[in-house]
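Engineer: Each protein sequence line maps, in turn, to chains F, G and Y. Heads up: the first sequence at position 168 corresponds to 160 in the numbering used here, and the numbers run straight through without jumps. Here the numbering used here = 1-based position in the second sequence + 822. Here the numbering used here = 1-based position in the third sequence + 9.
Possibly wrong hints are sitting among the right ones.
Below, a list of computed lysine to any residue pairs in the SDA-like style, where the Cα atoms sit at most 20 Å apart [said to hold, decoys possible]:
hint : chain 1 : residue 1 : chain 2 : residue 2
1    : F       : K116      : G       : L1131
2    : F       : K160      : F       : A9
3    : G       : K1016     : F       : M105
4    : G       : K1016     : F       : S37
5    : F       : K11       : F       : S37
6    : G       : K1016     : F       : G46
7    : F       : K136      : F       : D119
Just so you have them, the derived chain Y footprint on chain G, three or more residues with Cβ under 8 Å [unchecked claim]:
hint : segment
8    : 900 to 911
9    : 959 to 970
10   : 1047 to 1058
11   : 1081 to 1094
Hints in this document: simulated from the structure, not taken from any laboratory. Backbone N, C-alpha and C fix where the C-beta goes; we use that ideal spot for every residue, glycine too.
The chain contents come next:
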Amino acid sequence: MTEPVLEVSHLKKRFGALKATDDVSLTLMPNEIHALIGPNGAGKSTLIKQIAGGLRSDSGTVEFAGRDVTALGTVARARAGLGRTFQISSLAMEYTVLQNTVLGALGRDGHVMRFFQPVMKNRKLVDQGMAALTRVGMADLATKRTADLSHGQRRLLEVAVALTLEPKVFLMDEPMAGLGASGSKRLTGFLHTLRAEAPILLVEHDMDAVFALADRISVLVYGQIIATGSADEIRRDPLVREAYLGAEDAA
Amino acid sequence: MAREPLINIILFALFPVTAGVAMVLDEPFIITLMTKAAILALAGVGLNIALGLGGLVSFGHAAFFGIGGYAMGVLASHAQSYTPIMETPILIEGTKSMLVIWGVAVVAAALAALLIGVLSLRTTGVYFIMITLAFGQMLYYFAISWPAYGGEDGLSIYIRNDFPGLNTLDPIQFFAIAFTVLAAVLFIAGRLAKAPFGLALSAARQNPERVETVGVAPFRLRLVAFIISGAVTGLAGALFADLNRFVSPTMFSWQTSGEIMIFVILGGVGRLFGPVAGAALFILLEHVLGGLSDFWHVYLGLLLLLVVLFARGGLIGTLAGKETAHD
Amino acid sequence: MSLILLIEQVLNGIQFGVMLFLMAAGLTLIFGVMGLINLAHGSLYMVGAFAAAAVAGWTGSFALALIAALAAAAAAGALVELLVIRRLYDRDHLDQVLATFALILIFSEGTRYIFGSFPLFLDIPAALSGPVLLPGGILYPLYRLVIIAVGLLVAAGLFVLIAKTRIGIQIRAGEADREMIAALGVDISKLYTLVFALGAALAGLAGALVGAIQSVQVGMGEPVLILAFVVIVIGGIGSIKGALIGALLVGLTDTLGGALLPTLFATFMEPSSANTIGSAVASMAIYILMAGVLLFKPSGLFGAT
């Protein structure tokens, strides 16, 4: 039997009276795309932060490639092989597009404490940065200032930086947002091939993409996972239809 | 964008040219002014590594400037009185060698920056500003209340320290030393900004979360930047004390921290040559306005206010156009 | 050290702490409401002291001097807020530090221009001078007791102002959410000017009160300003309660450190070096205190985390 690459067990996080995540467990298997959906305020962002290390859980564990990383922070989890993209783009805005991916390659390489050789003349790092840009179709924007990119382009750059990390797991928070129909379709195709490199835990609002990509879908409502299953199973699940669609109608 | 390197070269060449012309015209005072500008620029280059590159608004860089100054004062005063600094457990004597003094100043300032940095970098924003300010004051009061090295009155050194092969008391030769150190440190700082460390440090200023996500801890970057920054400012302090042949607690004062910050800002934050332009402008103003009025700090204050409110790229930014410096 | 001397030192510490509170309260209020770091707060302290000394010199009335101090500092504060400070609310802290540093230069040199470099003196009014006999046979200067009383009254007044009044509610709302308060129909720029002037008046009051026990001179504000920073860093920026407790801690640490440490060191080393080392350590005691607090609470004792 194959072991999960990422195993989240019984995570809880409370903010005062609000249970943001309440006993959440899920797994991510090799080569799998596991989508996490749920209405706004369901606790997705909190869960992502708990998995990535930005938010300490009240209880529960996060295991990563068989290793318990619950006690580790964001930096250590990234070094352990967690590649995260942000819901709200989190990039070095003064830098060029290429500098952002070179930063990723540098983080992967690990030798940050070098003080003399110009980093943008480091063949290996620049090649890795360019390769990642090429894969998401942004090579022609390499010299553009990141602050001048459109929102959709920033999402793609987020993905490109994650690629330079060569992670064991991708954790993607709404990568499709702001892409438009054709961009979204292209990224869907790309993520489909990406799963061969590393599994993806995908938080996404774009249901077309989710149903096209996901091997499994988990539905998070009020901090609890109410169902996990294939696209068809989720579509048919009465609990999901009621809670999820009902909630969306209400909104 | 191409204008900025040109401005930098002209600005930089202005130092030796002015000093050279002053030598020909036999105006040693002007040479000393240029030496002072070069040394203060060096202090600003140090601060700029923390402030411009790392976004660390240190209001306590006088601590390192003063430590450099006192490294010179303590070593040279023991050498001139022929008394060892300590005898047990090992004998440590004073020295008049500039190179040894620089080494001690750099190491002492770096150690202080390590200690202050470890404590201060746990905080951010206003807390960081105030804490670095407070640590500077702590050393200021220590220097005042510690009588062994002059206390409030400071320490005088009768003869400038030695540099192999040069007569350091000749203004132009001492200028050459200070200017060469400035040039060397500018070169190193320029490389640093473009090196992997500089890329990551500047990214941590723009977006710490991003740096964490690629597996690099901002704290370590900032601490190392703070140490390098403090060491450079410490070196400037040693040179400054040697220029005046005098060191006093004033070097530790919060006004000194403020002035070092002014050099950086007047010239343009985060620009390699910003502190050079800022220090030169400061010395020029001090000389010109100071000659016109005893109350020239009013005009300095007004100018600084105008730069902060209306010309945020500083002198170099204004001359080179609004665009910020980038590769 | 005798018990009487110790009690005297404790009272001195409280008096110093209360003065620091007047400074720190304004700083922390201005930071809490407007998000502004104001280095020129020490200049307003100086303005208060000079106004008091000048008016006392002309009229001989200490009461008029105090009123002048409050009015001059509040007016200077409001003017500076209208001309400069309000352009800084949206700027980063670096710009705020530099612009207010520039204001210090202007205030200090301007005051030197008007009053000259020699210190002025402000006399303690006859009714408040001389010692009083406290229980236990302690003779203590009445004026210092009055300072303590005034400081505590102001502290109480501030707590009432913030907890119970309309303006206090607006201030608290402004701390929580600037847009909300604007949406409620409060004229936010007026509120900011008012808060700034209030902070300035407190600083001016402190300057005038202290001016009677120290000399009034250019540059008197900055050492106090930096201590006030230490106070609000220890207490937690934005918290009035933190400012009060931080101020008393700093006042007591500084005063008792200077009085006790040399004696303490003399118990295990020779007197002359005990005195030297003791007073050197005492001069750094409050900064060591601050470092200690931050080690455990990076945002101060009562700061929001």
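Engineer: Going back to the hint list, which numbers does this structure go against?
Structural biologist: 1, 2, 4, 6, 8, 10
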